Amino acid sequence: MLAPTSSASSTNPWVSSSPSSTDTHSQLSGACALLAVLVQAQCSTQSSAKADIEHGFDRLDELKKQLADSIRQAEEAANDSGFFGFLGDIFGNDIAQIAGAVAAIAATIATAGAASPLLLIAISEALQLAATVGAKLGLDPKICFAIGIASVAVGFCSGTGTAQAAGEIADVARGVSLGAKVAQGGATAVGGALHFVSANAHARQLDYQADAAGYQTQDKATSLDLDDAFARLRRALRVEQHETDSVSAQLRDDSDTNTTLCQRI
Amino acid sequence: MTQAISSSSSSFATEFAELVIRNEASQAESAHQEREAARASVRENAQKQIDALHDAADATRSGALLNAALTIGGSALEIRAAFSQYGADMACAQMKSAECRGDAATVLSAGTEFASQNRLATIWHASGDGMVKLAAPLQALFGDSVASDYQAEAKRRETLAEQAKWQADDASTAIDKSEKRGDKALDTLQSIQQNENSSAVALIGRI
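Residue numbers (the working numbering), protein chains in the order written: chain A, 4 to 268; chain B, 27 to 233.
Honestly, the hints are just simulated from the structure, not real lab data.
Owing to the predicted nature of the structure, the values given are computational and were not obtained by experimental measurement.
Don't take every hint at face value.
What the hints assert, rightly or not - Simulated pairs of lysine-lysine, DSS-like, Cα-Cα distance not exceeding 27 Å:
#1 A/Lys223 / B/Lys191
#2 B/Lys74 / B/Lys191
#3 B/Lys74 / A/Lys68
#4 A/Lys53 / A/Lys67
#5 B/Lys191 / A/Lys68
#6 A/Lys67 / A/Lys223
#7 B/Lys206 / A/Lys223
#8 A/Lys53 / A/Lys68
#9 A/Lys53 / B/Lys191
#10 A/Lys223 / B/Lys210
#11 A/Lys67 / B/Lys191
#12 B/Lys191 / B/Lys181
#13 B/Lys181 / A/Lys53
Chain A extracted, bound-state conformation (with noise of 0.2 Å):
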């Protein structure tokens, strides 16, 4: 259909120069070159459609590789974040707690050993009580004997040496209660900091979430273009079906309008 009728003319090859039809043949001509140009205009719609299409398809295959790796990112860090933030748990809430409850043990320790030659004293006394009540009471002579004994011997343990030796066992208590705060202190900052890490490792986990969100909108948007390519390309084709099948039906009704009319002369 897109062939000249005549390669006589040079300049213009859709152009006839046959002298016995030159009305038909120029208007036939003049369809041709028409149909030729819209064919060739929808040809570069295609050609940009398809270039559009090929270069929607490569940035998918980009995208899809960005978002796999932002996804891969994403569960690194929240396999980090989980990691650090059991290990801060462990030191900032276990250990700590430990470390508080035997700084509070030997706080005690410490008070109760300062205090235990009084404690000892009262003991005594109690006991020396208890035996004269007993007796009073009707109690057994013989037991009554032997808690008396027990009086005497804790009155003996209450003595200097054994204050003495108190003191000592205070001291190291608060040595302990100093140590175990101290290891207190240390564990919740450790505790502390590994939570930041934990955190730190989360908010990165929120970047990566945020940057495959980014890559899934341009995905949308890509294969929006791409359907809008798709459709720029489907329209061409039809279009250029539709003005070949036009320009196919005006000539061959002037084919048959010429037919007849030579056939009634």
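Guided by the hints, dock chain B onto chain A, whose structure is given.
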């Protein structure tokens, strides 16, 4: 040639088809503009959603940093308080020992040391304990709640982007329908012209 014979009859069909085609072209143009506006809205809201998510991450990081700074600083003060308390306890023990011995000068100096160390221990402990206890609420106030606000903003932007995408889809559907109606009008016009040509040819054949 054929149009010259049936010019009066074809003029109405031509004008009608031209009117229909112009109308559909106008609608398609309008739908194109709507679609471009919707796509611009999609891009804008999506970008703001991403910015809000990044801001949420920054707020989370800032809150965690504040928490860590307060916790570590408070722990350091607690450790300092523990040393001061140890010094106070030792001074107290020294004072009691001196009391038993009747050493007034040692009692006086140890008492002064005890008072000083005990005051420092109280101050350091109160400060450290307060900082540690404030860490979590301040993180929630300046970190987590701000991050939640940004998350909500991101969700809102996501919803707006989704709505804009629906509008773009609707506009695309309208464009397709307009183009199909325009094509149908063109086909109808072509069919009318073919019928007129056939009629003209038949009339010529009858002359």
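Results for each hint:
1. A/Lys223 / B/Lys191: The hint holds at about 9 Å.
2. B/Lys74 / B/Lys191: 15 Å, holds
3. B/Lys74 / A/Lys68: 23 Å, holds
4. A/Lys53 / A/Lys67: 21 Å, holds
5. B/Lys191 / A/Lys68: The hint holds at about 24 Å.
6. A/Lys67 / A/Lys223: Roughly 11 Å between the alpha carbons, so the hint for A/Lys67 and A/Lys223 holds.
7. B/Lys206 / A/Lys223: Given that 27 Å is the threshold and the Cα spacing comes to 26 Å, the pair holds.
8. A/Lys53 / A/Lys68: Distance ~23 Å between A/Lys53 and A/Lys68 Cα, so the pair holds.
9. A/Lys53 / B/Lys191: Distance of about 24 Å is within 27 Å: holds.
10. A/Lys223 / B/Lys210: Not OK: A/Lys223 and B/Lys210 at ~32 Å, beyond 27 Å, violated.
11. A/Lys67 / B/Lys191: 20 Å, holds
12. B/Lys191 / B/Lys181: 15 Å, holds
13. B/Lys181 / A/Lys53: Violated. B/Lys181 to A/Lys53 sits at ~36 Å, over the 27 Å cutoff.
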